[in-house]
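**Q** Sequence:
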Amino acid sequence: MTTATTLSLASAAHPLSPPSLPATDQDFEILPLDAPLGAQIVGLDLSRPLSAAAFARIHRAHLDYHVLVFREQRITPAQQIAFSRRFGPLQIHVLHQFQLAGHPEILIVSNVLENGKPIGLGDAGHFWHSDLSYKEKPSLGSLLHAQELPEQGGDTLFANMHAAWETLPAELKRAVEGRQAEHTYLARYAELQQRSPWRPNLTPEQIAQVKPVLQPVVRTHPETGRKALFVSEHFTTRIVGLPEDESRALLDALFAHSVKPEHIYRHRWQAHDLVFWDNRSLLHLAAGCPSHMRRVMYRTTIEGDIPA
Numbered sequence: 001m002t003t004a005t006t007l008s009l010a011s012a013a014h015p016l017s018p019p020s021l022p023a024t025d026q027d028f029e030i031l032p033l034d035a036p037l038g039a040q041i042v043g044l045d046l047s048r049p050l051s052a053a054a055f056a057r058i059h060r061a062h063l064d065y066h067v068l069v070f071r072e073q074r075i076t077p078a079q080q081i082a083f084s085r086r087f088g089p090l091q092i093h094v095l096h097q098f099q100l101a102g103h104p105e106i107l108i109v110s111n112v113l114e115n116g117k118p119i120g121l122g123d124a125g126h127f128w129h130s131d132l133s134y135k136e137k138p139s140l141g142s143l144l145h146a147q148e149l150p151e152q153g154g155d156t157l158f159a160n161m162h163a164a165w166e167t168l169p170a171e172l173k174r175a176v177e178g179r180q181a182e183h184t185y186l187a188r189y190a191e192l193q194q195r196s197p198w199r200p201n202l203t204p205e206q207i208a209q210v211k212p213v214l215q216p217v218v219r220t221h222p223e224t225g226r227k228a229l230f231v232s233e234h235f236t237t238r239i240v241g242l243p244e245d246e247s248r249a250l251l252d253a254l255f256a257h258s259v260k261p262e263h264i265y266r267h268r269w270q271a272h273d274l275v276f277w278d279n280r281s282l283l284h285l286a287a288g289c290p291s292h293m294r295r296v297m298y299r300t301t302i303e304g305d306i307p308a
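8 is the number that the UniProt record's numbering gives to position 8 of the sequence shown; each next residue is one higher, with no gaps.
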């Protein structure tokens with residue numbers, strides 16, 4: 001894993017006024033996972049304000065491992081929001097119907113129905129994707145905090161897109177370097193609406209928030225300088241400048257290569273896990289769970305920059 005970075009830790013973090021409580025240096029461990037990516041953070045309490053040194057360790061680990069699993073985080077929504085904001089401004093999801101009351105920065109990800117209506121987005125992550133790649137400024141990263149977990153299933157899979165690029169056959173590298181692809185939130189929205197009750201009809205105002213954008217097929221991480229594939233089966237519709245059949249064949253090859261088993265970490269959730277992943281480096285997928293088992297998660301999403 002890379003240790004080089006093109007930005008200082010201090011400049012990459014979002015400037016905020018000091019917390020009202022004194023910041024603390026906590027004695028926590030960063031333990032790499034036995035997987036192609038990821039590390040778990042043990043012994044850290046995110047309900048307590050972090051010192052600059054502690055935050056810098058976490059930031060560095062996030063760049064190095066792409067997924068951080070914070071165990072036993074009994075934090076409030078406000079504390080999740082505050083920690084997320086240390087990395088940058090937060091993005092509000094277009095499905096405002098599923099915002100947590102009083103906390104619009106939090107998207108409820110849940111399969112629970114109350115009075116016959118969904119309380120959250122129950123099919124989030126049904127296809128491999130990078131969060132908000134359909135925005136001009138896609139997400140830097142997302143944080144998902146477990147509130148209620150099912151007894152079976154509910155895993156989340158992460159695919160390392162740096163590794164996908166680095167192992168991509170030479171002829172495919174030549175085919176995609178310098179090219180752009182279209183990303184749109186609506187790419188598979190109608191298909192998802194037909195599958196489940198989780199996708200409401202969008203208003204004209206919501207549709208206006210998710211106009212198609214062009215992104216590089218291969219992006220350079222703004223903090224580490226590493227290249228990564230930046231296409232997904234959920235949001236990427238075409239490669240600009242290619243006939244439709246060639247574009248589809250190339251995208252299918254990239255999708256298949258990206259999610260090979262050797263690129264994947266499968267996260268099996270534990271109570272009170274908070275998982276923080278880098279959308280500039282990864283794709284992720286929700287494995288699903290039995291429909292009668294409750295799953296409730298709170299998600300915050302950090303704004304990134306325009307991909308290059």
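Among the hints, erroneous ones may be present.
[As the list claims (entries may be wrong)] Each computed EDC-like pair below joins lysine to aspartate or glutamate, with the alpha-carbon atoms no more than 20 Å apart:
no. : residue 1 : residue 2
1   : 211       : 166
2   : 211       : 136
3   : 260       : 166
4   : 137       : 303
5   : 227       : 166
6   : 260       : 233
7   : 227       : 273
8   : 173       : 262
9   : 117       : 148
10  : 173       : 303
11  : 173       : 136
12  : 260       : 34
13  : 137       : 205
14  : 137       : 191
15  : 211       : 233
16  : 227       : 191
Don't read these hints as lab results, they were simulated from the structure.
**Q** Each hint should be assessed against the structure and marked as holding or not.
**A** Hints, verified against the model:
no., hint, verdict
1, 211 / 166, "violated (31 Å)"
2, 211 / 136, "holds (9 Å)"
3, 260 / 166, "holds (13 Å)"
4, 137 / 303, "holds (7 Å)"
5, 227 / 166, "holds (8 Å)"
6, 260 / 233, "holds (14 Å)"
7, 227 / 273, "violated (29 Å)"
8, 173 / 262, "holds (19 Å)"
9, 117 / 148, "holds (18 Å)"
10, 173 / 303, "violated (28 Å)"
11, 173 / 136, "violated (24 Å)"
12, 260 / 34, "holds (17 Å)"
13, 137 / 205, "holds (19 Å)"
14, 137 / 191, "violated (25 Å)"
15, 211 / 233, "holds (18 Å)"
16, 227 / 191, "violated (31 Å)"
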